[in-house]
Amino acid sequence: MTTLLQALAFLAPWEFSPLLFVSCVVALALYLRGLGRVPAAQRPRMGRRIAFFSGLALVYFVMQTYYDFLSQHMFYLHRLQHLVLHHLGPFLIALSAPLAVMAAGVPARIGTRPFERFWRAPATRLGYRLLQNTVVAPVLFVGLIWFWLNSRIHFDAMLSEPLYWVMNWSMLIDGLLFWILMLDPRTRAEGALLGFGLRILIVLAAMVPQMLIGAHIALSERDLYDVYAVCGRAWDIDPLRDQHIGGLITWIPAAMMHVIAALILIGRWARSDRNLAGREREASMSRAASVQGGGT
Amino acid sequence: MMPRRSRWAGAALAASVLLSACGGGDSVRTHDITRLVPALAFSLEDDRGAKVSAQDYSGKVTLLLFGYTHCPDVCQTTLAELAQTLRASGAGSEDARVLFVTVDPARDSTAVMRAYAQAFGPRFVGLRGDAAALDALTRRYRVSYSLGKPDAQGQYEVNHSSAVFVFDRDGRARLLFTPKDAPDAMAQDLRRLMFGTAAAAG
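Residue numbers (our numbering), protein chains in the order written: chain A, 1 to 296; chain B, 1 to 202.
One chain only, chain A, in its complex shape (with noise of 0.2 Å):
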């Protein structure tokens, strides 16, 4: 019973937000309201809707529950906490592409129509063009990492509450914005920003600064971060430990995200000319069959 308390004691939220608490719901009741409505052929298969769950349940928990607490307080678990938030969470949701399934949740009173009409404004689409452009999206995905793993700018964001918000919102933003972008499953024909082969390119040149910054903080043998000892750390643990493994982390599961999404860009690349090879195939062997049938 005591264990059970504990359990749920956990999992309520250190620092309440309801701004996230609500776009957690809103995106899981899209969701699931969206399975239920979108035509049998349609419905992603089991596998992209563990993606969906467990990318959203990833990025509630490591937010909005006591994680959250020993995340301020201890370097490595802060740096799995953006593990999750610019990583592994809005990787695993992106990789779900959940929008079509979303957009049929979405209730009939309200409609897609304000979505549709705010997703084609030009200000929107300008916006979101040049967030996505080639150069400007992995620059701001590794400047983010950088700009917030800055000494200076790290002590700051670790004691104020609004700075901390800001530092977590702009992770989760920008993670999502960089793998929706890299994991569209979509051709460049087909509508995608990028074609497959510069998404590579892309996914694999991000990742060599943040193999340096990790190891920089991996091997560093000074306290960068002192406002883990300054403000005290979750449990007992040597400072430099502490800052070893965060770089670690930084460094190695980071980077293996990046190779894991070269590796399925690589897969949907091959599949896409197979099936363009395919199709041309087939074209070419309906054209020479009309050409005989006319010869006759």
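Bear in mind the hints are in silico, worked out from the structure with no lab data behind them.
No residue lacks a Cβ here, since even glycine has one placed at the ideal position from N, Cα and C.
Just some of the chain B residues that point at chain A, by a computed CB distance under 7 Å:
| id | residue |
| --- | --- |
| 1 | L36 |
| 2 | V37 |
| 3 | R142 |
| 4 | Y145 |
| 5 | N159 |
Here are some of the chain A residues that sit facing chain B, going by a computed Cβ distance under 10 Å:
| id | residue |
| --- | --- |
| 6 | W14 |
| 7 | F155 |
| 8 | M158 |
Let chain A serve as the given structure and place chain B on it in line with the hints.
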């Protein structure tokens, strides 16, 4: 709990942090926490057993720190350094107060706190509260403390924050001292806060 406007405040803050990081024209030698940390607010008991709140210290520059009297060395060193810093800054008894909040109220009784605080001088006040009051305060200033494992005699250590939060005469958070800050840097920043000038008095 986070009011909506504080999110905008946060965005503005992020921008100002970015600017100050690029500018580097900072005259504070310790850490400037203006607008980063909430104003001084608490409800605790002082080392004479009287209920006190931030209002009781308004008009004075207030230094807030956490610790416990059984602390093996850190707390004593920090408090002794603060005593030295206050002397060096020329603070009169009406200018500054050091509020030492115990994270170990079980062992630190009112009498123990009074004896401990007074050893460092008349400007030092020991504060204690129950677990709820203490947790509210540590949560407000985003610091943590945790009890270590008791030894055979039942003695234990407490991991706690080493920060010294400095509030101006109106109770606004202004400076943060860490163990890395040199006493003369702390004294200089305190002088500016108390007297509006960094120059040593007399």
